[in-house]
Amino acid sequence: MRNANIRSLFVGILLLLGLGSISYAFEIEEQKRYSGANAQQSLSILSTADIAVFEPIILAFQRANPTININYVTSGSTEVMKAIYKEQAQFDLVISSAMDLQTKLANDGFALDYSSEATNALPDWARWRNQVFGFTQEPAVMVISEASFEGLEVPRTRQELIETLRENPERFSGRVGTYDVRTSGLGYLFATQDSRNTESFWRLTEVMGRLDAQLYCCSGGMISDVASGKLALAYNVLGSYAASQIEGRDGLRIVPLDDFVGVMMRTAIIPVGANNPDAAGRFIDFLVRLGQHPELSESTGLPSIVDQPLPAGTVMRPIRLGPGLLVFLDQLRRETFVRSWASSIEQ
Amino acid sequence: MIRFLVTSSIRRRLVFQLSIMAALLSIVFFVAVRSVAEQAAADTQDNILAASATSIADALYSERGQVRVELPYSALSMLGTISEDRVFYRIVADGETVTGYDDLAVPKADQGQRAALFVTEQYRGEEVRVVSIARAVSNGVRAADVRIVIAQTRRGLAQISSQITTNAMAVAIGFFLMATALSLLAAQSAVAPVKKLAESVTRRGPKDLRPVISKTPGELVPLVDALNNFMMRLRASLTRSEEFIAEAAHRVRTPLATVRTQAEVVHRQMEKPENRKALREMIRAVDESSRSAGQLLDHAMVTFRTDQLEQDEINLATLADETCDRLQPTAELKDIEIVRTFSKEPATIFGDRILMQNAVRNILDNAIKYSPAESVITVRVENSSDQAVLSVIDQGRGFGDADLGKLTSRFSRGSNVDDIVGSGLGLTIADEVMQAHGGQLHIEPNKEGVGACVMLIFDRSL
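Protein sequences, first through last, are from chains A and B. Residue numbering for the first sequence follows the working numbering, beginning at 185 and increasing consecutively. Residue numbering for the second sequence follows the working numbering, beginning at 428 and increasing consecutively.
Hints are computed from structural coordinates only; laboratory data are not their basis. Since we're looking at a predicted model, the values are computed, not measured. There may be inaccurate statements among the hints.
[Said to hold, decoys possible] Sample of chain B residues lacking proximity to chain A, with all beta carbon distances greater than 10 angstroms (derived):
| # | residue |
| --- | --- |
| 1 | 495 |
| 2 | 502 |
| 3 | 582 |
| 4 | 645 |
| 5 | 882 |
[To be verified] One side of the interface only, derived from the structure: several residues of chain A facing chain B at Cβ under 10 angstroms:
| # | residue |
| --- | --- |
| 6 | 270 |
| 7 | 290 |
| 8 | 291 |
| 9 | 293 |
| 10 | 304 |
| 11 | 315 |
| 12 | 344 |
| 13 | 501 |
| 14 | 506 |
| 15 | 509 |
| 16 | 514 |
| 17 | 516 |
| 18 | 517 |
| 19 | 520 |
Even glycine gets a Cβ: it sits at the ideal position worked out from N, Cα and C.
So here's chain B without its partners, still in its complex pose (with noise of 0.2 angstroms):
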């Protein structure tokens, strides 16, 4: 039970006691209105016995020494107006029938009690309610003592009570439908707003940490603070790891320069051929480590930049004719020629130029790491009326038969690509660089023979 009650959502709980609360309260309804009102239909009965056997004692009087009673027709018709009940009496003088029934008992009441007395007891095989007084009727010589006894069936209260009973249980059951009805809605309502507050976190985007600003109840008020409060928190230490992850590459990345630079100065100087191969591989190695760092820092820039996004007017044409220049140096170390293929008309369209030149670079980047030496690469722009797209297409060895979803994750790599020195990083920032401006990386086996074909594509539509 106490586990339900803590496991089941609050609006079943809710429900659940407000309806025992409601049977609760209909029960002890039921029970109250059936007594009272059977308590004061026995009363009306207790009441027109006694006043029947007040108008009988008022027509007591003493003949020849003779208590003498002349009954009113009233006293036994009174008793017929509410119910059908049969009707018994006796009058009896100092132990004496003067008239009536001889059987009917005569109720104890103590000396000189003058008010009603009224006893329940069983005559001629029913129930009867049984009233007595007693009055003093002088007969000249002394006051005798009369005892006026009326007795009636309870046929009619039986009736009154059933009924009673019946109207009791009705409105007792209709007041309990309707009060779970009641506290249906009221669950419903009070947690709308816990549904709301749920609906409007769950419908925010994976970086979404901004605070709840919506306006919530006052009992809601220290959760949504406790959540901001949280969001903050984790937005702070987010920031401060990618500040940390871009302070380091950054102070890794320029000593690693000043390394390189020497190491191929000595390079030229060396004569012994074992020592100039070590060299080679020692600025290999810096190379790499200098891309890596470069990536993690473009990883870092993507991340900041992603929330608060510039839109500014780029042709991708001329964004990859920059690219192609740069990289151009790197591509001839390993004889690759890189083939730009543009569309005539210029494709538009609205992004951060930072953001999409990263992507770009890390693409091309890629390609020519990826490729062997004296293959082509070839960078298309194409514009269409609904769709801007970017292709790299090249020689290398493709991704094989990677998981193409898998690739994009951070430091996630190929399986094919364990004699090359990288990060994993490359495809993680293009990719969020696509997400952040609602297009999509999609790759591909290229078409044209071995390598792979990677694609940026803008949709227009959105």
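Next up, chain A with everything else stripped away, as it sits in the complex (with noise of 0.2 angstroms):
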């Protein structure tokens, strides 16, 4: 009863901004039907991968399972997060970028069990408790405009970049781009992270606050506001999507940290009220087998998952699935953090 009325207000709510569509309450940014040839089945999928970008996935997992018709609704992580723990959203996979957020769906009881040849064949360190099931590592790097740069060695550390800014405010003021860890699910996993790996995050934070930092939601907006030259570099970008982004642009440059590289893994669930869990098990199959599709990784950009022990002195730091990943979701935890990062960045 009390969910029923919460939903009903928030649709009410959106109802009268203009927001949303019209099943949910929550926000859905893109939405695309793909008829299978014959199909006799559907599968719909919540996703914070863009459509530009997994379309080739669908199209090929589509060739070779033609009975199932796919609807794939794209939103952000904390949208996606909302969806299924708050609305009960009706979707049968669940595929985020925010593999925190989709460790507490599976620890606090929204995700079905699954496994299959395929996901047992994953290293241990890709899936939790059978629910949660990894598919790509994905790098945070930076990436710059080599033109802001002229004149200046580019830097190859977080220290060094802070020095980097703080020597040459006049050129990077309002020039440094990074996410809102407020809106941005992703964002705030990075965010987390790095306050975890490194002493200097808080110290980067304060010079990008001091620099009149500009926030975004996504890594595209960043990149294309690189590309355009409003930013001279974009702060814990998805290498993946900054990859495909670049690519054919000049005086673009992605620049790995080399004091560590946060390293996320794009993850897959199933929700519990999913309607055709079999489908879902089977695209599951299809995503954690990209590594038989070296074309697929190509055209999306998104690197499978490799089950090979990182090199020693690697400066690669994986994201581990696991209850750790709970503890800055901890509503206290997260009040803390944001109040903290806001008053760095807006000063």
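With the hints as a guide, bring the two chains together.
Shown next as structure tokens:
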């Protein structure tokens, strides 16, 4: 009863604001239906990945499974969480780049168990409880416009980045972009993991705040603003997006910071309310076997899971699935973190 | 069951009992290992939960009169190190939720209890292990009673438990099989001396009453002693009765000889034919009695001497010749002619001379006794490379269709001899002598007409 009331309230508010779809209160960005050649069943997917990026995978899956109609809906990771956690929205598969939110969904009992030959072949660190399955490994990188760094050495570590920004306030003022952790689930994940990994995170935030940093919801916007010259650099951008977007554009460069590179996994879960968990399972099998379709990794820019230990001395710092991810989702912890972050970035 | 235990073999009993013991021990082992290991696994989970709760307690602080906490990353990540279990937590200050899952119940604790409290309960459809610790956090005015509750599902524990059960089961079964195999071996070796003893006693000849001297384990010594004791008594008793018979025969024979001499003297002096006839009957009866007594003596002697057989070199032809000479007078009484056919080369055997004389005399005596008057008895000695044979062939009534094997047993006589007095010991004596010498007594019908052929056959190969 209470849930229904809240839901109708949400729907009402969003309708008043002229936002959202008719059926759900959460914010839908894009939606596209893919009809199978001889469809008998349907699979609805809620995802944080843009249609432009993900379409080749959907089409390849549908070629292999022509009996399945696919309804692909995209939204931000926080909205995706809200849709499943609060509104019990009807989807068969949830794909998100926010590993922490996916883990919380599974931990709090919103995910179904699934196991198959394909998922069992995944390395242990790429799945959790047979409910959360990782299928990509994507680094967080910095994207710079080479023109803005003319005459300066390109920073290789966060420490160097802080120094460069401090020494050239006139050049970088208003031209540094990063995620708004209040609205972007992925941005929050990257920021919290950064705060765990390095002491320089808070100083960097402070410096970016002093330079009047521009805040974004998504990687795409940041990259195009760097390309247009509005930004000199974008910090903590998804490497996979960056690589596919700067292709063929001069003057843009991806800079992995050498002190460490956070690596995120894109994960999939089957929510408890799924109508067609079998088809969702087949889609998961297809996703975790992305390594067998190098042409798809090529066209989407999504690197598949590679089951091999990272080389010694590597700067790659993969984010581990597990209950540790719940810590930064704690309401108090989040409140404190966001408060500190906001007071640093908005000066 | 008890009946089965009493009558079944010692080996089977041992194996059965040892197997049951092994099975019991295996079960005890299985239960012990499983409960210890499961306790250890459960304790591990409790310890990690307690460590997690303590690390959260250390991160409690007070801000503007409010209890707050900065959840340490390790507090929850440590719970994910062993298993992939769901984790829930709740921090309550003075009954108000500070953060965490609102609906997670706070276990009731006694006032002032500071130690970690563990309970197992249901939460969100799964069994969870819950730890609760209490802390007092001062908010400037007074100390707030803060409870930290952490719950973790027990899927990992169940997995560990089933793995332990499988392993413990496998080890217990292996242990049982090994113990059973070893108990088979143990039982085998335990009964081996009994088997050995039984074999050594079974292997003995029918007359072998020597004590058992083979080495036996302590438990069997009383049995062996008892057996030896028994055999000694048996031997003494046999010896005594043989001695008694010999003594009795001897005592009877001597006066009989006197009676016979006296009877013959009287016979010569008798005039009346009916008196003479009666006396002749008497003499004949005395003769038979004396002969039977002689045979009893012979038999006793054979029994004695076979125990310690002498190995003389004997020429069969010479022996046969001497025996024929001795019995010539008896044969002549019935007008029986004894034909001696001896091989040219000497038929030499090794054996006890006195026993051999006895055997040959008894056979020839039998032949004379059962032959009709004015018949021929042939005594033949043949010698070949592998056998020496002494045969006595008569023209008597033969042995009819009697069982030849049975004729040689003591006091057994043919079915066609009712009119002739006899002891039934003659062939027995001959047979026993032959057995003691490793030869054999062979009886067959006379091939050249009526009568029987009794042969003493010595195999040289033996």
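Using Cβ atoms only, decide whether residue 501 of chain A comes closer than 10 angstroms to chain B, and label the hint accordingly.
-> 14 angstroms, violated
How about residue 509 of chain A: closest beta carbon in chain B under 10 angstroms, or not?
-> Holds. Min distance 8 angstroms.
Can residue 270 of chain A be said to touch chain B, with a Cβ gap under 10 angstroms?
-> 14 angstroms, violated
Can we keep the residue 293 of chain A interface hint, with Cβ of chain B closer than 10 angstroms?
-> 5 angstroms, holds
10 angstroms cut-off, C-beta based - residue 582 of chain B kept clear of every residue in chain A = 8 angstroms, violated
Grab the minimum C-beta distance from residue 514 of chain A to chain B and call the hint holds if it beats 10 angstroms, violated otherwise.
-> 5 angstroms, holds
Are all C-beta atoms of chain A more than 10 angstroms from that of residue 502 of chain B?
-> 7 angstroms, violated
Against chain B, with CB atoms and a cut of 10 angstroms, does the hint on residue 516 of chain A hold up?
-> Result: holds, 4 angstroms to nearest chain B Cβ.
Using Cβ atoms only, decide whether residue 506 of chain A comes closer than 10 angstroms to chain B, and label the hint accordingly.
-> Holds. Min distance 3 angstroms.
For the hint on residue 315 of chain A, just tell me whether its beta-carbon gets within less than 10 angstroms of chain B.
-> Hint holds; residue 315 of chain A Cβ to chain B Cβ min 9 angstroms, cut 10 angstroms.
Agreement of hint residue 520 of chain A with chain B interface, Cβ distance less than 10 angstroms | Holds: closest Cβ of chain B sits about 6 angstroms from residue 520 of chain A, inside 10 angstroms.
When the least beta-carbon distance from residue 344 of chain A to chain B is tested against 10 angstroms, hint result = 26 angstroms, violated
Checked against the numbered hints above, the structure breaks hints 1, 2, 3, 6, 10, 12 and 13 and satisfies the rest.
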